[in-house]
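Participant: Take a look at the letters that make up each chain.
2 protein chains.
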Amino acid sequence: MEYETPLFFHVMQYAKRADRDVIDMVSGNPDWEPPQALRDGLHEYADLEPEQFQYPPSEGLLELREEIAARRGVDAEQVVITNGAGEANYLAMARALERDRGNEVILTDPVYPYYPGKTTMLGGTQRFVATDDEGQLDPADVREAASEETAAIVVNSPNNPTGAVYPEETVRELVAVAEEYDAILVSDEVYDHFDLSGEFSSALEFDSDHRIVTNAYSKSMAITGVRVGYAIFPPHLVENAKSRHMLVNVATTRPGQYAVLQALRETGPDYYEANRDLLRERVVTFTDALDAAGAEYTTPKGSFYVMARFDGYPGTLENVERLIDEAGVAGMPGEAFGDSRTAWLRFALVTPRVEEAAERLATYFD
Amino acid sequence: MEYETPLFFHVMQYAKRADRDVIDMVSGNPDWEPPQALRDGLHEYADLEPEQFQYPPSEGLLELREEIAARRGVDAEQVVITNGAGEANYLAMARALERDRGNEVILTDPVYPYYPGKTTMLGGTQRFVATDDEGQLDPADVREAASEETAAIVVNSPNNPTGAVYPEETVRELVAVAEEYDAILVSDEVYDHFDLSGEFSSALEFDSDHRIVTNAYSKSMAITGVRVGYAIFPPHLVENAKSRHMLVNVATTRPGQYAVLQALRETGPDYYEANRDLLRERVVTFTDALDAAGAEYTTPKGSFYVMARFDGYPGTLENVERLIDEAGVAGMPGEAFGDSRTAWLRFALVTPRVEEAAERLATYFD
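These protein sequence lines map, in sequence, to chains A and B.
Everything in the first sequence is counted per the UniProt record's numbering, starting at 1 for the first residue and increasing by one.
Everything in the second sequence is counted per the UniProt record's numbering, starting at 1 for the first residue and increasing by one.
Misleading hints may appear alongside valid ones.
The list treats identical chains as interchangeable, and a pair is accepted whether it falls inside one copy or across any two copies.
[What the hints assert, rightly or not] 25 Å max Cα-Cα, derived SDA-like pairs, lysine to any residue:
hint : residue 1 : residue 2
1    : 16        : 359
2    : 242       : 98
3    : 16        : 340
4    : 16        : 352
5    : 16        : 143
6    : 16        : 239
Derived by calculation from the structure, the hints in this document are not laboratory data.
Construct the complete structure from the given sequences, taking the supplied hints into account.
Facilitator: Right under this line is the structure:
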């Protein structure tokens with residue numbers, strides 16, 4: 001696999017250019033409403049004095065960092081506000097590789113393709129550890145893959161693309177492996193608000209100098225385009241990450257930070273619960289229809305995605321484009337996520353037309 | 001000089017914590033109004049459908065890229081929308097160093113400190129070429145410094161911190177030197193709307209496969225905190241830059257792009273002219289007072305900055321902090337900009353209290 005340019009935008013553009021109605025199940029873009037307070041925050045910001053349109057502190061607005069620190073049980077000094085989880089993961093992986101303890105980044109297979117892409121860009125090499133059929137990662141396999149060469153272990157739970165949610169023992173053990181090998185566990189928890197199983201465990205629960213937690217408001221507040229995320233570093237790793245953030249981006253967009261802070265403060269748990277309920281319904285609708293179509297599939301314990309396998313229709317980019325043109329459903333090719341899921345397609349449940357999509361698939365593969 | 005963390009934020013924070021009234025002449029933050037259409041654009045965005053809160057295309061909103069392309073006389077395919085000029089310069093310098101034609105980045109002395117900081121972060125080495133007392137760069141000196149090792153030549157006109165504006169011959173020759181040595185000229189033109197001399201020349205005027213032009217709306221629209229900029233690449237260099245942009249930031253903030261597009265379309269030349277007039281007045285006010293104080297100084301032909309030298313008061317960080325505490329004026333230490341201006345202080349004319357600041361300096365150094 002080449003990971004230089006993750007395929008998401010390519011497939012989305014292909015679907016948009018198609019000569020027919022296409023149901024978009026490609027992107028991880030929520031199709032539901034952002035919190036009202038997020039919209040209100042942008043309106044408020046638009047009328048502020050000119051001073052408020054200027055550089056925020058490079059590491060982020062202090063009030064936002066304090067709000068996050070209080071919620072996550074860390075010191076505000078450990079928090080850097082980033083241009084989404086994308087930059088947060090980039091900073092975390094760069095920090096791990098800059099420690100000069102090794103050049104290898106342990107990733108899962110299947111994998112979210114930005115991680116291997118970032119690894120190459122940062123001069124590291126990938127080492128993949130297979131997950132099981134449900135996407136669960138066995139920490140013993142990670143320990144076996146780890147060595148003096150290991151700079152980082154990058155994981156994502158709830159997981160894209162498998163929908164797996166790692167239990168507490170897994171996360172505890174992953175932190176332990178990172179400590180044993182003087183590596184850094186990078187725990188990308190951007191789908192934490194979409195744990196449908198109640199089994200989610202944050203790496204922040206295990207205090208350690210060897211783990212960095214990344215997150216964003218892109219999914220939880222349905223604002224992937226606003227670009228506000230954060231990374232939480234151990235105290236001794238944060239200064240260097242702040243330097244890189246400053247040298248790459250100077251600072252994260254201030255209207256976005258302002259609106260997110262307002263939304264954090266004013267949005268109750270019902271907003272998040274309603275979105276989880278919506279997703280739960282869509283999982284049932286979609287998998288029922290896949291059953292009817294005789295397809296094999298995974299039932300997500302978290303995140304937005306269902307992986308499905310149709311007989312004789314492997315998950316290549318070519319087949320994804322054919323499905324767009326001939327069935328009017330756009331998914332992601334399994335091959336985009338590594339070698340282990342090349343037979344599979346990934347469908348994101350972020351459209352109100354989940355049932356229709358499933359019916360189109362059933363008809364097409366009938 | 002260590003450039004790992006440019007000093008701007010440090011000095012700003014020191015000034016904010018001071019136990020007295022301090023006039024802030026540290027940052028390059030305009031203190032005037034953003035265009036009304038920018039505020040209107042944010043309001044409009046805040047009420048759009050949820051889909052508009054999701055990822056824009058990674059390289060930027062097509063309408064914005066087309067608007068920029070039409071204004072700058074390039075193809076929209078060459079334009080990447082970035083998180084301010086900061087990311088634009090980062091992408092440009094990374095692209096130049098990734099060509100593996102050499103490891104050296106030619107910079108001016110004095111220099112905007114983010115450039116040497118980015119160079120180190122990207123694994124390059126700096127080679128400085130001195131400018132003259134007015135900040136003018138002699139292309140013959142650049143040619144002499146250039147070699148097989150030269151990956152990039154990074155220049156900034158109108159210049160921060162000197163206020164120099166490079167004439168057409170200089171820019172033409174810099175492009176020629178980049179071509180001769182198969183290097184990349186990175187021309188940071190973020191102050192192009194603040195050419196007070198009428199002599200500004202964009203590197204885009206000289207068609208070449210060896211120059212990248214970077215810019216942003218941070219200064220021209222007085223929105224340093226919104227973080228919308230762009231880079232224009234030669235066609236054969238753009239794909240790789242788009243990959244890096246995607247792998248680092250995924251995309252640039254969409255509310256910012258939306259509002260900037262609206263402001264670009266609806267803001268007339270009078271907005272920019274009024275801001276230049278304001279700056280011209282401030283230059284006269286400040287330099288008159290410096291004359292009265294017997295200080296040596298530069299009169300900017302562009303950008304926001306006046307460099308001043310006071311007898312027996314070199315431009316160290318320590319002296320800058322003393323000036324904050326004892327005179328109530330915050331500037332930047334000349335030593336932050338390289339070896340050639342260690343005797344100088346830099347004052348940004350982005351406060352309505354320019355006259356008062358000059359009087360405080362005159363009294364303090366009397």
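Participant: Looking back at the numbered hints, which does the structure fail to meet, lowest number first?
Facilitator: Numbers 3, 5, in rising order.
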